[in-house]
Amino acid sequence: MFFSIYLGLKNLLRQKRRNIITILVIAFSFLGYLFAESLMNGMEEMSFESIQNFETGNIQIAEPDYWEERDELPIKGLVAWNEELEGIIGQTDGVIGVSPELKFPANLNNGIDEMSIIGLGINPKKYNEVFQTGEYFIEGSLGTLNDNKAVIGTVLAELMDLKKDDHIILLIRTKEDTFNTIDLEVGGIIRTPNPMLNSRIVLMPLDIAQRSLNVGDMVSMVSLKTSPAMPEKSIIKSLEDSFRVKKLSSQVYSWRESAADVITLSTAKKGGAGAILSVVLLIGIVGIVNNIILSGIERTAEIGMMKALGMREWEIVLVFMVEAAGIGVLGGLASCLLGYLSVLWLVSSGFNVANFGDWSQYGIPIVDRIYGVWNCQAFLYIFVSSVAVAVLSSIWPSYWAARKDPVEAIYRH
Amino acid sequence: MTLLELKQIKKTYLQGKMEVPALRGVDLIVDKGEFITIFGPSGSGKTTLLNMIGCLDTPTDGEIYLNGNRISALSKKELALIRRNNIGFIFQSHNLIPVLTAYENVEFALLLIGRLSEGETRERVFKMLAKVGLKGKENRKPGELSGGENQRVAIARALIKEPKLILADEPTANLDSENALDVIKIMTMMNMELGNTFIFSTHDPQIREYARRYINLRDGLIFSDKKKEQ
Ligand SMILES: Nc1ncnc2c1ncn2[C@@H]1O[C@H](COP(=O)(O)OP(=O)(O)OP(=O)(O)O)[C@@H](O)[C@H]1O
Ligand SMILES: [Mg+2]
Chain A
6 MFFSIYLGLK NLLRQKRRNI ITILVIAFSF LGYLFAESLM NGMEEMSFES IQNFETGNIQ
66 IAEPDYWEER DELPIKGLVA WNEELEGIIG QTDGVIGVSP ELKFPANLNN GIDEMSIIGL
126 GINPKKYNEV FQTGEYFIEG SLGTLNDNKA VIGTVLAELM DLKKDDHIIL LIRTKEDTFN
186 TIDLEVGGII RTPNPMLNSR IVLMPLDIAQ RSLNVGDMVS MVSLKTSPAM PEKSIIKSLE
246 DSFRVKKLSS QVYSWRESAA DVITLSTAKK GGAGAILSVV LLIGIVGIVN NIILSGIERT
306 AEIGMMKALG MREWEIVLVF MVEAAGIGVL GGLASCLLGY LSVLWLVSSG FNVANFGDWS
366 QYGIPIVDRI YGVWNCQAFL YIFVSSVAVA VLSSIWPSYW AARKDPVEAI YRH
Chain B
236 MTLLELKQIK KTYLQGKMEV PALRGVDLIV DKGEFITIFG PSGSGKTTLL NMIGCLDTPT
296 DGEIYLNGNR ISALSKKELA LIRRNNIGFI FQSHNLIPVL TAYENVEFAL LLIGRLSEGE
356 TRERVFKMLA KVGLKGKENR KPGELSGGEN QRVAIARALI KEPKLILADE PTANLDSENA
416 LDVIKIMTMM NMELGNTFIF STHDPQIREY ARRYINLRDG LIFSDKKKEQ
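Line by line, the protein sequences are chains A and B.
Per the working numbering, residue 6 is the first one in the first sequence, and the count goes up by one each step.
Per the working numbering, residue 236 is the first one in the second sequence, and the count goes up by one each step.
No lab work stands behind these hints: they were computed from the structure.
Quick caveat: nothing in here was measured; it's all calculated off a predicted structure.
None of the hints are false.
Every beta carbon over 10 Å from chain B, so not counted as near; a handful from chain A, in silico: (1) 121; (2) 256; (3) 281.
Computed footprint of chain B on chain A; a stretch qualifies when at least three of its residues, placed anywhere within it, have a C-beta under 8 Å from a C-beta of chain B: (4) 8-21; (5) 302-311; (6) 406-415.
No residue lacks a Cβ here, since even glycine has one placed at the ideal position from N, Cα and C.
Please model the entire structure based on the sequences and the hints provided.
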C-alpha cells in the first residue's frame, strides 16, 4: 500500500504538462467561483449598507397598521412625534441618532411635466445623525433645507430638467383626502450610492410637510441609528419594553424587514453560487477523468507488468487515486492563491457596475462599484472540494485502468 | 522433483465468430531447476503457453499443477497471489516504471511480498543489481540506462523475490546480439546459483543453445522435446 502511495506521488511528475494543465483547469474554474462568491457577497453587504445608510437606518419605529401598508405610503396610522417618544428613544442605550420622517406620495410638477415621486419630510439635523445623505451633495447642503427648500437627486433633476433654485410644485392629498400643493425651491442636489434617493425622493423640511398634509405633529415613522457596539436585538428589546410600559402602540422594526427585496436577492445569490459551483465541479471532474484515462492508456504495458508481478487491482487503483489527489491538492492550492489575488483586487479596487447598466432596476441599491468581501470559509471550502472532486472522480477511471487484462495489456499494446 | 505439470492444455481464442486454436493439447512436466527454451514458428503458441503457465491467462481446457496445486481453475485474485509469490516474469520490453530508479523498480517486486525488513530488502536489492552487472547504477532511472541495462533491471526484478519459476517471453528480442548474450548468460548464472526454474521462448538459435531442454512447438502442439546431452 505504501508503495502504491509512493508511486502515485512519483507519477505526479510524470506527464508534467498534462498534470499542470489539469491543475490549471481546476485552479481557474475554482477561482471563478471564489471571485463570483466574493463579488456577490460584496454586493449583498453593500446593498444592506446602502439600505441602512440611506433608506431605513438600523431600526424603524412605526404603528403596526402603517407598517403593513407602508409601501402605499398612507397618511394614516401615523406616529405622534412628541417629547414623550423622543424622551423614550433618547434614553435607550445604544441609540445614537433619531430621525422622524413623514413620507407621502406626490406628483412633482416643474411647470411642464409631471412625475410621481415620494415626498420625504425630514428634520435636516436629525436626519443627518442617522443617514449619510449629507455627504453626497453636489450642490447645496443639508443645511440649505429650510423654509420651503427641497433637495432632489441627480437622476430626478435630469429627468425633470431641474437645477438649483428652480421652483417646483408638489401636488399632494392631505390627511382628509383633499388636494393641496406645496411650493418648493430646489435648494440642493444629491448624488448618493443609493438609486432610490437619486431618482424618486424629494426631501423637504418636516414642518412644511406636516402642515401641508395637515397631520399636526405626526410622522410616518422614526428611523434610528444604533451603535455598532451594541447588538441590534437588545436595543429593539429595550425599546419594545419601554413602549409597553408607557402603553404606546408603536412597534419596533429592524432594517432587515425593509430590505426584503435585497434579502430575496441574497437567496437568489445562493442559488447562483450553487449553479456556478456545479459547473466548476463538473469542469474539475471532466479534467480529472480525462487525465486519468489518458494516463491509463499510456501506461497500459506498465499496468500489465504490475499485474503480472501480482499487484492487486485495488493497489493499482490506489496509485491512480493518489496521483489524482495530488492534482486536487495542487489545484486547490493554486485556486486559493489565484483566488487570493483576484479577491484582493476586488476588495481594494472594486468592480465597476456602472458599465453594466442600471442595477437599481433589479432592486440592487448600488450605483458605482461593488467591492468584494473576504470569505475565508469559501477558500477552505474550495480547497476541500478540489481535493474531494479529484479523489471521487478518479475512482471510476482508476478502476477502469486497473481492470485491464494483463495479457492484453502486455502484448496487444 | 516436479514443479509444474500440464495436462492436455487447450486454448482457443475467439476472433469474431471464428475459433482460433492456439494450443491444442499440450502435456508437459517440468522439474525444479530446469532451464528450458520454447521455440517454434511465429503463431505456434509460445506466448500463449507461457501465459498459461504464468497464471496470466486460464486455459480453455486441461489442467495445470504448480507445486502440486491445481491452478487452472483459480479466481483472478488467487492467480494474482500465486504470481506475486511464485513466479517471476521477464518480458520482451522491460516495462519498467520510468519514474522509479533501478533500485526502486527492483524493490517494488519485493515490497509486494512484504516479508522482509527494510535493511534486508536494501541489502538484497543491492546484491541482485550487482549480480546483473549494475553496481553503481542503482539510482538511475530507466531513461538513463541502455536497453540492455534496462533488461537486466527487469531480470533483477523477476529474480529478487527468488521465485520458483521464471518465465521469459523473448527476453532478448529487443537487444543487440552482445546484450542478448549478456542477458542469457546472466539467466544461466542465476539458474546455476539459485536453482530457480527458467522457461524462456526465443527465435534466436544462438540464445537457444544456452538451454538444457528444448521444446519445439508447432501449431499449438509439442512437436519435439529434447534434453541437451551432457
Ligand atoms: N487474444 C487473441 N485473440 C485471438 N487470437 C489470438 C490471441 N492471442 C493469440 N492468438 C492466436 O493464437 C495463436 C498463437 O499465438 P501466440 O502469440 O501464442 O504465438 P507465438 O508463438 O508467441 O508467436 P510469436 O513468435 O509471433 O510471438 C496465433 O495464431 C495467434 O494469432
Ligand atoms: Mg509470442
